[in-house]
Amino acid sequence: DHVSLPRLDDFCWIATRCPNVYGSLAVANMFVHNNPRHFAEIMANLLFWIGPDRIIWGSDFPIWYPHWLLDDFMAFQLPDDLKQEYGVDLTDEIKQKIIGGNIARLYGIDIESKLKEIENDEIAQRKREYAKVAHDTGIAGTTSR
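In this note's numbering, the protein residues as written are 625 to 769.
Hints in this document: simulated from the structure, not taken from any laboratory.
Every value quoted in this text rests on a predicted model; they were computed, and no experiment measured them.
Beta carbons: idealized from backbone N, C-alpha and C, even for Gly.
Warning: the hint list may mix true and false statements.
[To be verified] Heads up, simulated DSSO-like pairs for lysine-lysine below, C-alpha to C-alpha not over 27 Å straight-line:
| hint | residue 1 | residue 2 |
| --- | --- | --- |
| 1 | 740 | 756 |
| 2 | 707 | 719 |
| 3 | 738 | 707 |
| 4 | 751 | 707 |
[Claimed, not checked] What follows is a list of derived Cβ distance ranges for each label pair:
| hint | residue 1 | residue 2 | range |
| --- | --- | --- | --- |
| 5 | 760 | 717 | 16 to 26 Å |
| 6 | 643 | 753 | 22 to 32 Å |
| 7 | 742 | 634 | 34 to 44 Å |
| 8 | 684 | 715 | 17 to 27 Å |
| 9 | 630 | 713 | 17 to 27 Å |
| 10 | 633 | 748 | 36 to 46 Å |
| 11 | 758 | 705 | 19 to 29 Å |
| 12 | 644 | 713 | 35 to 45 Å |
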């Protein structure tokens, strides 16, 4: 877990030999906001050594939803020099795998059927109610980092 930061080299060495080892971004993803170049180097290494199918999203935030962190990750682009050096890219398709596709595959979850199953549950209804209130009152988007 946490891709063994700060010992990323050790993690990559182990993970290349153990195909059942996945790398969680639970600690690393904070760098996307605070130190984007360091985050880019972490991602380039992970993509090169273990590939996009064994990297999973993690936030270590069990109580609140770190939407800003997810937004920063989804907007993040690998710098061209690292793309060229490592021969990797962080495409939107790869990001979708990382934020949920890989863990769903690992646990045998069919994402489409799960989304249909929860589209009208209590939480979905509350989210729609909140979105309407937030829009009507103008408070949408007022949360800060």
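Hint-by-hint comparison with the structure:
no.: 1; hint: 740 to 756; in the structure: holds, 21 Å
no.: 2; hint: 707 to 719; in the structure: holds, 15 Å
no.: 3; hint: 738 to 707; in the structure: violated, 34 Å
no.: 4; hint: 751 to 707; in the structure: violated, 38 Å
no.: 5; hint: 760 to 717: 16 to 26 Å; in the structure: violated, 36 Å
no.: 6; hint: 643 to 753: 22 to 32 Å; in the structure: violated, 45 Å
no.: 7; hint: 742 to 634: 34 to 44 Å; in the structure: holds, 39 Å
no.: 8; hint: 684 to 715: 17 to 27 Å; in the structure: holds, 25 Å
no.: 9; hint: 630 to 713: 17 to 27 Å; in the structure: holds, 25 Å
no.: 10; hint: 633 to 748: 36 to 46 Å; in the structure: holds, 43 Å
no.: 11; hint: 758 to 705: 19 to 29 Å; in the structure: violated, 41 Å
no.: 12; hint: 644 to 713: 35 to 45 Å; in the structure: violated, 25 Å
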